[in-house]
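*Asks:* Sequence:
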Amino acid sequence: GISRDDYLLFSESQGRFVVTVPPDCRAAFEAMMEGLPFSQVGRVTEAGRFLVTGLGGGVVIDRPVSSLREAWLKPLAF
367 GISRDDYLLF
377 SESQGRFVVT
387 VPPDCRAAFE
397 AMMEGLPFSQ
407 VGRVTEAGRF
417 LVTGLGGGVV
427 IDRPVSSLRE
437 AWLKPLAF
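When you line the sequence shown up against our numbering, it's residues 367 to 444, in that order.
Source of the hints: derived by calculation from the structure; they are not laboratory data. Yeah, the Cβ is synthetic: ideal placement off N, Cα and C, and Gly gets one too. It is possible that some hints are incorrect.
DEER-style ranges, computed between Cβ atoms [what the hints assert, rightly or not]:
(1) 370 / 408: 15 to 23 Å
(2) 401 / 444: 42 to 50 Å
(3) 436 / 383: 19 to 27 Å
(4) 444 / 403: 38 to 46 Å
(5) 440 / 400: 14 to 22 Å
Start from the sequences and build out the full structure, keeping to the hints where you can.
*Replies:* See the structure below:
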């Protein structure tokens, strides 16, 4: 299995998807994913930050959502 956070996040094997699921739909979502590899890597909060936890439970990404949006839009700012 995967033993490193960077492999989990950026491996060139089959793609990864980040999905936002409301807390009250978590059980239904997990039931739909039964038999497939998936993991909760974070949760939506009011803090305005994007946090991702690694395999050991520690935070491996912690960035303000505003800075991520800015970086995403920057190549398109003609």
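*Asks:* Tell me the numbers of any earlier hints that the structure contravenes, in ascending order.
*Replies:* Failing hint: just 5.
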